[in-house]
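Asks: Residue numbers (our numbering), protein chains in the order written: chain L, 15 to 205; chain F, 15 to 205.
Hints may contain errors.
Claimed, not checked - To spell it out: a stretch of chain F is covered by chain L in this simulated footprint if at least three of its residues, at any positions, have a beta carbon under 8 Å from a beta carbon of chain L; those stretches are:
#1 116 to 129
#2 164 to 178
Said to hold, decoys possible - In silico negatives: residues of chain F with every beta carbon more than 12 Å from chain L:
#3 Glu23
#4 Ala51
#5 Ala57
#6 Lys58
#7 Thr59
#8 Tyr62
#9 Asp90
#10 Asp91
#11 Gly113
#12 Ala198
The set of hints was computed from the structure by calculation and includes no laboratory data. Keep in mind it's a predicted model, so treat the numbers as computed, not measured. The beta-carbon is built from N, C-alpha and C at its ideal position, and this holds for glycine as well.
There are 2 protein chains.
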Amino acid sequence: MTPERRRGEALVRAIHEAALAEVAETGLGGLTMEGIARRAATAKTVLYRRWATPFELLVDALGEAHPVEVPTPAADDLRADLIAALTLLTDWMITPAAGAVLAITSERARYPELAEALYRKVFDPRGGTFTATVLRHYAASGRLDPRRLTPITTQIGEALVFKLSIDSDRIPGPDEIAAIVDEALLPALGL
Amino acid sequence: MTPERRRGEALVRAIHEAALAEVAETGLGGLTMEGIARRAATAKTVLYRRWATPFELLVDALGEAHPVEVPTPAADDLRADLIAALTLLTDWMITPAAGAVLAITSERARYPELAEALYRKVFDPRGGTFTATVLRHYAASGRLDPRRLTPITTQIGEALVFKLSIDSDRIPGPDEIAAIVDEALLPALGL
DNA sequence: TCATTAAGCTACGGCTCCGTATCTAATTTG
DNA sequence: CAAATTAGATACGGAGCCGTAGCTTAATGA
Numbered sequence: 015m016t017p018e019r020r021r022g023e024a025l026v027r028a029i030h031e032a033a034l035a036e037v038a039e040t041g042l043g044g045l046t047m048e049g050i051a052r053r054a055a056t057a058k059t060v061l062y063r064r065w066a067t068p069f070e071l072l073v074d075a076l077g078e079a080h081p082v083e084v085p086t087p088a089a090d091d092l093r094a095d096l097i098a099a100l101t102l103l104t105d106w107m108i109t110p111a112a113g114a115v116l117a118i119t120s121e122r123a124r125y126p127e128l129a130e131a132l133y134r135k136v137f138d139p140r141g142g143t144f145t146a147t148v149l150r151h152y153a154a155s156g157r158l159d160p161r162r163l164t165p166i167t168t169q170i171g172e173a174l175v176f177k178l179s180i181d182s183d184r185i186p187g188p189d190e191i192a193a194i195v196d197e198a199l200l201p202a203l204g205l
Numbered sequence: 015m016t017p018e019r020r021r022g023e024a025l026v027r028a029i030h031e032a033a034l035a036e037v038a039e040t041g042l043g044g045l046t047m048e049g050i051a052r053r054a055a056t057a058k059t060v061l062y063r064r065w066a067t068p069f070e071l072l073v074d075a076l077g078e079a080h081p082v083e084v085p086t087p088a089a090d091d092l093r094a095d096l097i098a099a100l101t102l103l104t105d106w107m108i109t110p111a112a113g114a115v116l117a118i119t120s121e122r123a124r125y126p127e128l129a130e131a132l133y134r135k136v137f138d139p140r141g142g143t144f145t146a147t148v149l150r151h152y153a154a155s156g157r158l159d160p161r162r163l164t165p166i167t168t169q170i171g172e173a174l175v176f177k178l179s180i181d182s183d184r185i186p187g188p189d190e191i192a193a194i195v196d197e198a199l200l201p202a203l204g205l
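Can you make the complete structure from the sequences, with help from the hints?
Replies: Now the structure itself:
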């Protein structure tokens with residue numbers, strides 16, 4: 015009984031949401047215009063008027079998705095700042111956009127253009143990873159040996175969060191994040 | 015001009031190979047009986063006589079895939095043994111079965127039965143991970159503090175190998191594996 | 001108010017995969 | 001060599017998605 019026809023931006027936003035939800039549910043291989051339209055409760059024609067393929071639509075949706083918060087180090091407690099950075103990561107991992115990003119990166123070999131677009135539109139604009147931001151900050155203020163900042167050490171935190179997520183099929187909790195920092199990250203930094 | 019009709023085991027092996035190759039190329043969502051049959055150069059009927067779904071077929075194929083070598087620590091050079099263990103991992107990662115395993119784990123949320131079957135048929139029979147085998151060995155012979163063997167530290171090596179693979183879209187080389195051991199693993203073990 | 005824009009609906013032929021049935025011919029086995 | 005298996009080929013109706021077309025009707029704004 016409510017005709018209420020969506021238009022313009024509101025409609026596009028609903029379609030973007032539908033696309034992310036659809037990817038999370040069906041995977042990249044199962045992403046179809048028909049499915050997105052159904053979930054957004056609109057018509058296929060509306061989609062085709064704006065995008066040529068489901069992938070173009072998806073890249074747009076990712077570009078519009080809320081950007082991740084950037085860690086703001088307190089600069090006087092490295093351990094707490096690292097934990098905060100990894101917590102930001104796990105917070106992001108439960109968002110719809112994260113599911114889509116996971117799908118794209120893990121199927122990169124099959125859809126390289128998509129992965130490329132993801133990096134260009136989402137990752138590159140944001141500067142660097144979570145822990146790297148913190149570590150660079152501490153290195154710049156002389157509280158950390160810059161030689162300890164390598165492509166390996168700056169990835170340890172994120173790597174373990176992802177690995178634990180895969181192995182246990184759930185996002186690591188505060189205790190596990192603390193263990194990552196205490197048992198892996200800080201020792202590798204020489205602390 | 016070669017009628018040469020495959021039968022029994024030889025045929026099944028060819029079908030298994032086709033299934034793994036098909037998963038690598040199309041993803042789990044795109045895995046179809048039709049596609050596997052086409053790639054194996056046989057008829058759909060042959061597949062349906064043995065398996066009810068592409069997923070059953072795939073699980074069988076994984077069970078038959080060459081099991082991974084188990085690290086055999088030399089017990090007098092931890093660093094070399096860790097590097098050897100991670101090299102075994104990267105060697106495995108370029109096999110067809112690894113592509114299928116990656117697809118299944120990354121799409122676990124969509125096909126939980128598949129992931130469950132994977133663990134039951136492939137991971138569980140093999141005991142533990144690559145570096146964990148080495149570390150347990152050294153801890154048992156008293157050359158390593160057993161308290162250093164935590165769910166975190168035993169995962170650092172594998173976690174970084176996977177993370178680097180995802181980020182750079184290629185398998186880490188010998189220098190990168192050495193860096194993982196020297197900059198992340200050994201420090202976390204207190205060495 | 002009234003013309004313009006765009007959303008929403010229905011339908012189309014074409015394609016691919018589904019799962020099954022039927023038939024043939026190659027290979028094994030006794 | 002004859003009999004029993006089973007691989008392989010073909011065809012089927014059904015379903016879902018493709019991309020496009022034609023139309024109705026709600027929202028907008030001059």
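Asks: Does the claim that alanine 57 of chain F lies outside the interface with chain L hold up, using a Cβ gap greater than 12 Å?
Replies: 24 Å, holds
Asks: If we take the beta carbon of aspartate 91 of chain F, is the closest beta carbon in chain L still more than 12 Å away?
Replies: Fine: 21 Å to the nearest Cβ keeps aspartate 91 of chain F off the interface.
Asks: Is the nearest Cβ of chain L still more than 12 Å from the Cβ of glutamate 23 of chain F?
Replies: 30 Å, holds
Asks: Can we confirm that no CB of chain L comes within 12 Å of the CB of glycine 113 of chain F?
Replies: 8 Å, violated
Asks: Taking the shortest Cβ-to-Cβ distance between tyrosine 62 of chain F and chain L, state whether it exceeds 12 Å.
Replies: Its Cβ never comes within 12 Å of chain L, the nearest being 22 Å, so this holds.
Asks: Once the closest CB in chain L is found, is it more than 12 Å from lysine 58 of chain F?
Replies: 20 Å, holds
Asks: Run the C-beta distances from alanine 51 of chain F to all of chain L and say if the shortest one exceeds 12 Å.
Replies: Nearest chain L Cβ is 19 Å from alanine 51 of chain F, so the label holds.
Asks: Would the non-interface assignment of threonine 59 of chain F survive a Cβ cutoff of 12 Å against chain L?
Replies: 25 Å, holds
Asks: Does the claim that alanine 198 of chain F lies off the interface hold, with its Cβ farther than 12 Å from every Cβ of chain L?
Replies: Alanine 198 of chain F not clear of chain L: closest Cβ-Cβ about 5 Å, inside 12 Å.
Asks: With a Cβ-Cβ cutoff of 8 Å, does the segment 116 to 129 of chain F contain at least three residues near chain L?
Replies: holds (count 9)
Asks: If you look at each residue in the segment 164 to 178 of chain F, do at least three have a Cβ nearer than 8 Å to any Cβ of chain L?
Replies: With 12 residues closer than 8 Å to chain L, the segment 164 to 178 of chain F meets the three-residue bar; holds.
Asks: Does the no-contact call for aspartate 90 of chain F survive, Cβ to all of chain L over 12 Å?
Replies: 24 Å, holds
When held up to the earlier numbered hints, the structure conflicts with 11, 12 and fits the remainder.
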